[in-house]
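For the record, the sequence lines run as chains R and E.
When we follow this note's numbering, the leftmost residue of the first sequence carries the number 670, and every step to the right adds one.
When we follow this note's numbering, the leftmost residue of the second sequence carries the number 670, and every step to the right adds one.
The hints are simulated quantities; they were obtained by calculation from the structure and are not laboratory data.
There may be inaccurate statements among the hints.
The list treats identical chains as interchangeable, and a pair is accepted whether it falls inside one copy or across any two copies.
As a list, the in silico EDC-like pairs of lysine to aspartate or glutamate whose alpha-carbon atoms are at most 20 Å apart [as the list claims (entries may be wrong)]:
(1) K1088 to E1106
(2) K794 to D701
(3) K1069 to D727
(4) K777 to E762
(5) K1031 to E987
One-letter residues, chain by chain:
2 protein chains.
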Amino acid sequence: MSELKEIGITTKKEGDFSEWYTQVVTKAGLIDYSPVKGFIILKPYGYRIWEIIKESLDRKLQESGHQNGFLPVLIPESLLSKEKEHFKGFTPEVFWVTKAGNNELTDKLAVRPTSETLAYQIFSKWIMSYRDLPLKINFWNSALRAEIKATKPFIRNSEFLWQEGHTVHENRKGADEEVFLILDYYQCIIENFLAIPTIRGVKTEKEKFVGALYTTTLESLMPDGKALQMATSHNLGQNFSKPFEIRFLGRDSKQYFGWQTSWGLSWRVIGALVMMHGDNKGLILPPKIAPIQLVIVPIFKNKDRDIVIEESNKLLAELKEKEFRVILDDREEYTAGWKFNDWEIKGVPLRINIGIRDIKNKNLEIVRRDTGEKILINREDCSDRVGFYLDQIQRLLFEKAKEMQDNNIIKVSNYQEMKNILKEKGGFILADWCEKEDCEIDIKNDTGADIRLVPFNNKPDSEDKCIYCNAHSKKTVIFAKAY
Amino acid sequence: MSELKEIGITTKKEGDFSEWYTQVVTKAGLIDYSPVKGFIILKPYGYRIWEIIKESLDRKLQESGHQNGFLPVLIPESLLSKEKEHFKGFTPEVFWVTKAGNNELTDKLAVRPTSETLAYQIFSKWIMSYRDLPLKINFWNSALRAEIKATKPFIRNSEFLWQEGHTVHENRKGADEEVFLILDYYQCIIENFLAIPTIRGVKTEKEKFVGALYTTTLESLMPDGKALQMATSHNLGQNFSKPFEIRFLGRDSKQYFGWQTSWGLSWRVIGALVMMHGDNKGLILPPKIAPIQLVIVPIFKNKDRDIVIEESNKLLAELKEKEFRVILDDREEYTAGWKFNDWEIKGVPLRINIGIRDIKNKNLEIVRRDTGEKILINREDCSDRVGFYLDQIQRLLFEKAKEMQDNNIIKVSNYQEMKNILKEKGGFILADWCEKEDCEIDIKNDTGADIRLVPFNNKPDSEDKCIYCNAHSKKTVIFAKAY
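Go ahead and model the full structure; you've got the sequences and the hints to work with.
Dropping the structure here:
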């Protein structure tokens, strides 16, 4: 039993949320720490989740004519500094290569913090005419930003896996459409696969991507009342195409600068997944994203071993045939109890217990990870019932998260109320704002909350007042403390 | 016509091989150059070839219980230097990160030249008992080695895409078996997919991977008479497990050090593909690795446009249904002649021309990229014939390459003969060797050729003499000049 205790989660989610999170990501076998502070390693179970997310998004990108490519990880400083705002934004967190072997480099090299500058230097050579547009390229790679703040696995690391998409269009309309197509894709993946509800909107001028015309974002509320930015999609306008000279011959034979977008989704969404659905026993994975959707655990005394193992293998084959991601845990060096615990920590959505009595009675016991419920089913209905429960778990996880989020979007009408709520329990605070950056900054300094987003379809002109300065309100926005 | 000429290959393969190669990889749209010398960018067409190779190998690795993971790209110097020989081998070509933002780092960070040291530091925490073995982890990532010699796209670059596998076993037998399983996988991918014949063997002590017990290798002969190392699989013995303390509790309750392997296959094989099969019109891709296996080009005068396009789309749907990788080139801004050229440079194995006369006669014209042959087929046999010709092209490309290689494996019995052949035309020189490193080094300095490999199943003891020093020969080995 002491072994069971040691591998289990020893903190409560509702108690020390941060410690609970750290225990889950490590004990569920998602990550380990690199000897270099701020960097993590993905163990196979964690990496497989990323691969499933990648495959889901990549399919959508391919269908709409995006193509993958590869860019080097080292970018010369001279290139990075070509768009001034952009460079200023990234320079405090860039890792710099200054030596190759024993030789000092004359132009030092940045380890990719993001690839806009390198990609656009190249795009300027590839694009000659409107016939070359739209150009839609995606890169699955990692980006590096030296994190000075406290790091947190998946949420804030000095290196993270992501995809970065970069497109060039003939006009603003093309770029606008691309920005929103991608935002839709991201929302689909996050809501339908990861079962995490999101709110859509645009970032303020202060919070937008450095160098962008505007930044659209998906924000989710975590169970501890803090917001997490899930993914962003930027319209870069012509801010990069001008310094990088991405010019094309238009349909009217005149020269134009391209309109550009860039967009990214990182492994941060795995962190959100853990926070949102996990419980005091460990991870809970939505079936669509689970590397293992169900595990079969044979339970037997020695004399029944062969029969139970044989039946387990039959069941395994049958469920594999139906394309469920299923494994049989026939390890002999562990007890059934140890295995139950192991798969619970790892968040496998369904477990099937199979013993000699089940075989005789033509029954099976299914155990749901999300509710702990044990359900006796007919052996012959197995694959139907498995499909049913996986669908149900997927749906209920989303609904539960949605209810939590909806209950914590709170409209406030005065600043003191906002401060109280932020202090007590956090949440998404819906408040009026005059659109002045001074108010935004003062509120941030005073409460720690910033404007996460300006929801789309914002209000028409009204008599409302800015929550902070009482001036005429221009927008209703969402404030929150954030990761 | 001037446009045709400009995009075409302007050098002969049999003339300036090196210039021909550079033109093919760029004009076929595989790569572009980074502004940093020695680094390349993969355009979508080139990257897709890598993705297909990756999917093929990954499937095999998964089937035999290997799992993918992720490791950070930055490795502390202190870790890299833990295995002394290994560190000495890599240190002249390491890119060093010495600054993060404006801060100097105290322990400088290597940009991953290979991950043995970081992986094994972590493995030592994961492995406690024989129950944790074998541990078989693979990483799809890039590695960086500052190339001082002349660089060449895919063949020698300062950053390259690859996979690196790392395994730990209970005993030498387990590690030996893994080394050869992987060598088999590599050979299968390279011969059956890339259609490139290989020779298997082991590296000499001088040429083995730094820190390995022994290195197995696959070597291929390129059409210019130079050898290319295609992939390597190393038995590391306990050389890393001791300094990194990868210890496990054995079945007899005693502590043991693990036995390890590492192995890698890089995008270099794409370079080999280009060299081996390409011709004076450009790339020729073996069907199994071709992103586009066939292209349909509609040919029409204006009045027939709608009928021809409609029939082309029908054909496209039919061939897609059969899971061929097929596209319809219905771009209206280019002539048919321009398109023929474009797809020839890109090496698409088959082209189907479809015009109004073909539709009326229920015929189609298939054009083979490898032979240039035009074949009239019945419309209704189309998908059968496409399958037949793709198989045939795949097989014939391999056979042609195999014949070239076989004709250039030359057994020599005296040193002067060897020097003459190396000077005249290169090739794989089969020669006797005393196993002394002095001879190996002298021959290298004198001729530029080194021992590419010691073939497996080497000769029993005989009366043969070392080609260089005339001492008793221990092994028959293959010398060649190499990339």
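Of all the hints given earlier, name the ones this structure violates by number, lowest first. 3
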